[in-house]
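K.L.:
The lines below spell out each chain.
Number of protein chains: 2
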Amino acid sequence: MSHGISPLAPKSVPHLPPVAGVRLATAAAGLRYRDRTDVMLALFDAGTAVAGTLTRSKCPSAPVDWCRARLRGGKARALVVNSGNANAFTGKNGRDAAKLTAELAAAAAGCKPGEVFLASTGVIGEPLKASAFDGVMGALVAGAHPDRWLDAARAIMTTDTFPKVATASARLGSASVIINGIAKGAGMIAPDMATMLAFVFTDAPITAAALQTLLNRNVDDTFNAVTVDGDTSTSDTLLAFATGAARARGAPRIASASDPRLKQFRVGLNAVLASLAEQIARDGEGARKLVEIKVEGAVSKRSARRIALSIANSPLVKTAIAGEDANWGRVVMAVGKAGEPADRDRLSIWFGGIRVAHRGERDPAYDEAAVAAAMKKPEILLKVALGLGRGRDRVLTCDLTKDYIAINGDYRS
Amino acid sequence: MSHGISPLAPKSVPHLPPVAGVRLATAAAGLRYRDRTDVMLALFDAGTAVAGTLTRSKCPSAPVDWCRARLRGGKARALVVNSGNANAFTGKNGRDAAKLTAELAAAAAGCKPGEVFLASTGVIGEPLKASAFDGVMGALVAGAHPDRWLDAARAIMTTDTFPKVATASARLGSASVIINGIAKGAGMIAPDMATMLAFVFTDAPITAAALQTLLNRNVDDTFNAVTVDGDTSTSDTLLAFATGAARARGAPRIASASDPRLKQFRVGLNAVLASLAEQIARDGEGARKLVEIKVEGAVSKRSARRIALSIANSPLVKTAIAGEDANWGRVVMAVGKAGEPADRDRLSIWFGGIRVAHRGERDPAYDEAAVAAAMKKPEILLKVALGLGRGRDRVLTCDLTKDYIAINGDYRS
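Just so you know, the sequences run in chain order R and L. Residues 900 to 1312 in my numbering are what the first sequence lists, from first letter to last. Residues 900 to 1312 in my numbering are what the second sequence lists, from first letter to last.
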């Protein structure tokens, strides 16, 4: 199956500069694919702090279990990510495969297995032959280089149609620090393939605890505000690594997420996470429209989020947008089923900035031709005002097309 | 758009006998369709009790509001149902249209407007021109007849591909009573059209309160256990009418749902509701497979229901079944995201009675050819054992095909 590059792919790919203390390499271990790389290794200098957020699935993959246990240590020397096999629902074999992968990487990199972080994406339920890494680990370590960002993003792709990278720089004390990110994920779960994976790398000297707090604050409005199909992966993983190498250039050591010197860094980190999250929505399986859903006037932000997700995950809303139909009746339905406070007679709805429904009825001034033109655009803004309170939130999603069914429903080849 | 009759339609349609005290009529009021009936009227003899369950949507239609207020009275003399227009999200116009419809029916039938029950299904957000009923109400009352069950079921169809009827009889004291049911609904919301509607009619002498208790007990494992797309309509309505006419034939008057004389009636009522609910799943938009999902070994029935619904509403599970792919990895994903207690390493999964995963790993004895053959059948049983407790439940759904997208996503004609 070839589905080409998403029409919503970013027009240009930013260049990612080196991050002091990080080296990258990729290889083809032959796990599932032919003629492409399927494993990436990142090596970190001693003293690198790590933080992360992992899937809330009750049936997580073996690498997720591995990372959850190792995050407590807060120290990282290596990251190994493979595509082609998710090492999920693989029982004791899976735990052994994760352990072996970490041991092989540790031996080659000269660190402890507990300082190696892991992520896997691909088929669920198939045993991962971690011994395949044995043949490539030495070459990966030997060939690791500060300038392999796009290669790394390519090696972790599954049904992604383009590699996802983002970068920002920030002033920290008297130094400039870099924040680079790479990600993959085309559905919350792609066909047979699991997962949204994202990795962030910085040379800022930040403790693991402060980095964790920053991630927690940022993930809710970036990665957690994106949905393709409402299906949560067994393997969703976001890890952030801070080498601290910028300290040599005069950056201060930061031990608190509230440190005022982090102001620019916080903005940069949020921008990187938000860009990667948006790129995932832009590469949603079969997507032809990027849809931003804004809900305001809810009783709380939490309530606004739930209503926005109810709209974003409604198959009827998503198919209507695929059909370029400003079907606000289905939006009313999705608001109504969210289980959150809503008053039909105060509800207003906009498509592409044009109000189509007002206070519980079709807007009398609604110009069907203008709305039809707005619905033809590749990016659709859908706004709902509840008129109850001051809670507001926003989520990103994409439309639901026949290609989603083709990608996920056609017979296995 | 013509999509033919669902391949899952029942092979034969049962004959529905008259229910003493009920007369039916249909007409073409020209609300939206050409060359078909779009309104049905049921007339009930004096003394008819009514009970019902209505959508939990926070944005219900005007007829739902009307019925909710009138159910308190517990008495019914007429039911008016139209297709083509849902009278939902129509503001004050909608309330006025519902009132006018009830007044027109009451005047023609010689009863009070508060004894008239209403349901509407069709486009959301378009004003319902209730004055259109003025021209047909007299003829409807004059032509009402005990033998119009299939006509009635046809008049309330929207995107349904076949009329949905069911019947049962039960011994009540020394008399035999009839329980007839009709329903419509092809998605929880069909394209532009709202709604699951179901109406049950019996000549048993049962008080409104007892009938309400019986409905509440039965609806959870019948209509509430069916999902097509997880989208809850603004208009879902189930009403039950008991004329009491069987009292003249010696049936005792029943004032408690726990009355032991109701034993057969309870079985019959459950059979009628279960049959109608299954027919709705069989007519799911674009459906090619009827899917029964059984979850056992959960910590409670409620937990089993939530896990079953998480599986049933997962686009990735539904597209896999459309592709005849026993993709248990996606079932693991759906169990994991349900948010209910689950232990990956105790989980077992069966497709078509064949165990494909056992205790958190692929079943070593799993015969791929046998499973492939099972997946080709039009009815798929998917069983999940959690191994935690004794909670079990079952839901019905259908697969997700390109036809669902075509029905709901193609440009409005």
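The hints are simulated quantities; they were obtained by calculation from the structure and are not laboratory data. Everything numeric in this text was worked out from a predicted model, so none of it was measured. Don't take each hint at face value.
One copy or two, it doesn't matter: identical chains are merged, so the pair holds either way.
[Unchecked claim] With a straight-line Cα cutoff of 27 Å, these simulated DSSO-like cross-link-like pairs (lysine-lysine) come out:
hint	residue 1	residue 2
1	K1162	K957
2	K1301	K1275
3	K1028	K1275
4	K1193	K957
5	K1200	K957
6	K1276	K1301
7	K998	K1276
8	K1193	K1275
9	K1200	K991
10	K1162	K974
11	K1193	K1028
12	K957	K1301
13	K1011	K974
14	K1282	K957
15	K991	K1282
16	K1282	K998
17	K1028	K910
K.L.:
If a hint holds in the structure, say so; if it does not, say that too.
P.N.:
Comparing the hints with the structure gives:
1. With identical chains, the CA atoms of K1162 and K957 are never at most 27 Å apart, being 36 Å at best within one copy and 42 Å at best between copies.
2. Taking the closest pair of Cα atoms, K1301 and K1275 come within 27 Å of each other both inside a single copy (17 Å) and across two copies (21 Å).
3. Neither within a single protomer nor between protomers do K1028 and K1275 lie at most 27 Å apart by alpha-carbon distance, with minima of 47 Å and 31 Å respectively.
4. When the C-alpha separation of K1193 and K957 is checked against a cutoff of 27 Å, the pair qualifies only between copies, where the shortest distance is 19 Å, while the shortest distance within a copy is 30 Å.
5. In this assembly of identical chains, the alpha carbons of K1200 and K957 lie at most 27 Å apart whether taken from the same copy (26 Å) or from different copies (18 Å).
6. Taking identical chains as interchangeable, the C-alpha atoms of K1276 and K1301 lie at most 27 Å apart whether they share a chain (19 Å) or sit on different chains (23 Å).
7. In this assembly of identical chains, K998 and K1276 lie within 27 Å of each other by CA distance neither inside one copy nor across copies; the values are 48 Å within and 41 Å between.
8. Only within a single protomer do K1193 and K1275 lie at most 27 Å apart by alpha-carbon distance; the minimum there is 19 Å, versus 42 Å between protomers.
9. In this homomeric assembly, K1200 and K991 never come within 27 Å of each other (Cα to Cα): the closest approach is 41 Å inside a single copy and 30 Å across copies.
10. Taking identical chains as interchangeable, the C-alpha atoms of K1162 and K974 lie at most 27 Å apart only when both belong to the same chain, with a minimum of 24 Å there against 67 Å between chains.
11. In this assembly of identical chains, the alpha carbons of K1193 and K1028 never lie at most 27 Å apart, being 45 Å within a copy and 33 Å across copies at closest.
12. When the C-alpha separation of K957 and K1301 is checked against a cutoff of 27 Å, the pair qualifies neither within a copy, at 30 Å, nor between copies, at 31 Å.
13. When the C-alpha separation of K1011 and K974 is checked against a cutoff of 27 Å, the pair qualifies only within one copy, where the shortest distance is 10 Å, while the shortest distance between copies is 77 Å.
14. With identical chains, the CA atoms of K1282 and K957 are at most 27 Å apart between copies only, with a shortest distance of 18 Å across copies and 33 Å within one.
15. Proximity of K991 to K1282 under the C-alpha cut-off of 27 Å is restricted to the inter-copy arrangement: shortest distance 23 Å between copies versus 48 Å within a copy.
16. For the identical chains of this complex, K1282 and K998 are neighbours neither inside a copy (47 Å) nor across copies (32 Å), given an alpha-carbon limit of 27 Å.
17. In the homo-oligomer, the alpha carbons of K1028 and K910 never lie at most 27 Å apart, since the shortest distance is 38 Å inside one protomer and 50 Å across protomers.
Hint violations for this structure: numbers 1, 3, 7, 9, 11, 12, 16 and 17, all remaining hints satisfied.
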